[in-house]
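**Student:** Residues in the sequence shown are numbered from 9 upward in steps of one, following the working numbering.
Hints were generated in silico from the structure; no laboratory data involved. Bear in mind the structure is a predicted one, so any value in this text is a computation, not a measurement. Think of the CB as a built atom: it goes at the ideal place given N, C-alpha and C, for glycine as much as any other residue. Each hint should be verified, as a subset may be incorrect.
In silico DSSO-like links for lysine-lysine, alpha-carbon gap of 30 Å or less [unchecked claim]: (1) 191 with 177; (2) 74 with 216; (3) 203 with 51; (4) 108 with 295; (5) 108 with 72; (6) 177 with 203; (7) 308 with 67; (8) 234 with 184; (9) 51 with 191; (10) 234 with 216; (11) 108 with 216; (12) 191 with 234; (13) 201 with 234; (14) 180 with 216; (15) 257 with 51; (16) 201 with 216; (17) 203 with 184; (18) 184 with 72; (19) 201 with 67; (20) 267 with 201; (21) 51 with 216; (22) 191 with 142; (23) 267 with 67; (24) 216 with 295; (25) 257 with 315; (26) 74 with 295; (27) 108 with 180.
For each label pair, taking beta carbons as the anchor points, the in silico distance ranges come out as [stated by the list, open to error]: (28) 52 with 219: 36 to 46 Å; (29) 283 with 54: 17 to 27 Å; (30) 202 with 54: 31 to 41 Å; (31) 108 with 218: 28 to 38 Å; (32) 278 with 180: 15 to 25 Å; (33) 98 with 69: 34 to 44 Å; (34) 85 with 259: 23 to 33 Å; (35) 40 with 123: 19 to 29 Å; (36) 73 with 259: 19 to 29 Å; (37) 108 with 160: 24 to 34 Å.
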Amino acid sequence: MKRYYFVFLFFIAAKLFGQDDPVYMFSYFNDNGQDGLHLAYSKDGYQWTALQNDQSFLKPTAGKDKLMRDPCIIRGADGLFRMVWTVSWNERGIGYASSKDLVHWSPQRYIPLMEQEPALNCWAPEINYDVKHKRYMIYWATTIPGRFPDTDSSGDGRYNHRMYYVFTKDFKTFSKPALLYNKGFTVIDATIKEKNGQYMMFLKDETKLPAPQKNIRVATSRYLDKNYSAPSAPITGNYWAEGPTVLQKGSEWIVYFDKYRDHSYGAVRSADLENWEDVSDKIHMPKGLKHGTVFVIAQKEFDTFFKK
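Kindly generate the complete structure, drawing on both the sequences and the hints.
**Tutor:** Structure (structure tokens):
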């Protein structure tokens, strides 16, 4: 009986001192990604502060070009933080590492996702955990020349991307890459969130010709890995946007994205995932922050991980 009483007291104390309050984290890169992983934090989802004086937490070693662009971090089912990233503009694989505390990382590994295809690239990988099947889904954008000839001249130069995916349970063995999203246009930078059994894919329409799109849209499905709808109308405005990442904050959904031609960051928010308000003027991001991922840790974890 005493044991449960002390557990109850610890729970109350944690509540009183805010140890289980959420801290919003943002993994990102600067410049071309050559110096590695950067991290920022926020308590409200609007004002973001770089950690470690905006110095890198992890220098890239995976791949031939050894870049760390578009770092995506999720907390795995085992409690470890799992990270994947773009290692190069023109390699057929991605980088992978794991960590217990976001500071100390496992040896980096190159995962050759598309080495069996005549692919040009593997860009902006992301991870979702498939709870039902107890496995991870990694997905990314790839151009395979000639695979979708109708849109070969619609993107930037030789690039004509589609979204692909694999499943893995251990980040050592992987299913065969399969097509995740193709709706007849070049697409990159997908990120998937779930709400009440429905999956929402936030994606970038990468069409440049004959009329530029370069905006963020949303597709939906009842399944994590298939049957996504045609995209919605753009949820971003009259500017070029890329790299969406999504935070659910209570009843509010915030989508952050890179206004890369304007050299600034933007955001839109919604309460119903249908009507979107531009709140770019309400956010403050570290200078030079580029395409990354937002995720959540507890205040107690934050204090422990970054106590120095």
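**Student:** Take the hints in turn and mark each one as holding or not.
**Tutor:** Now the hints, each set against the structure:
| no. | hint | result |
| --- | --- | --- |
| 1 | 191 with 177 | holds, 29 Å |
| 2 | 74 with 216 | holds, 29 Å |
| 3 | 203 with 51 | holds, 23 Å |
| 4 | 108 with 295 | holds, 27 Å |
| 5 | 108 with 72 | holds, 27 Å |
| 6 | 177 with 203 | holds, 23 Å |
| 7 | 308 with 67 | holds, 26 Å |
| 8 | 234 with 184 | holds, 15 Å |
| 9 | 51 with 191 | violated, 37 Å |
| 10 | 234 with 216 | holds, 26 Å |
| 11 | 108 with 216 | violated, 41 Å |
| 12 | 191 with 234 | holds, 12 Å |
| 13 | 201 with 234 | holds, 14 Å |
| 14 | 180 with 216 | violated, 37 Å |
| 15 | 257 with 51 | holds, 11 Å |
| 16 | 201 with 216 | holds, 26 Å |
| 17 | 203 with 184 | holds, 28 Å |
| 18 | 184 with 72 | holds, 23 Å |
| 19 | 201 with 67 | holds, 29 Å |
| 20 | 267 with 201 | holds, 22 Å |
| 21 | 51 with 216 | violated, 37 Å |
| 22 | 191 with 142 | holds, 28 Å |
| 23 | 267 with 67 | holds, 26 Å |
| 24 | 216 with 295 | holds, 27 Å |
| 25 | 257 with 315 | holds, 25 Å |
| 26 | 74 with 295 | holds, 23 Å |
| 27 | 108 with 180 | holds, 18 Å |
| 28 | 52 with 219: 36 to 46 Å | holds, 37 Å |
| 29 | 283 with 54: 17 to 27 Å | holds, 19 Å |
| 30 | 202 with 54: 31 to 41 Å | violated, 24 Å |
| 31 | 108 with 218: 28 to 38 Å | violated, 50 Å |
| 32 | 278 with 180: 15 to 25 Å | violated, 38 Å |
| 33 | 98 with 69: 34 to 44 Å | violated, 18 Å |
| 34 | 85 with 259: 23 to 33 Å | holds, 26 Å |
| 35 | 40 with 123: 19 to 29 Å | holds, 23 Å |
| 36 | 73 with 259: 19 to 29 Å | violated, 42 Å |
| 37 | 108 with 160: 24 to 34 Å | violated, 45 Å |
Comparing the model with each earlier hint shows violations of hints 9, 11, 14, 21, 30, 31, 32, 33, 36 and 37; every other hint is respected.
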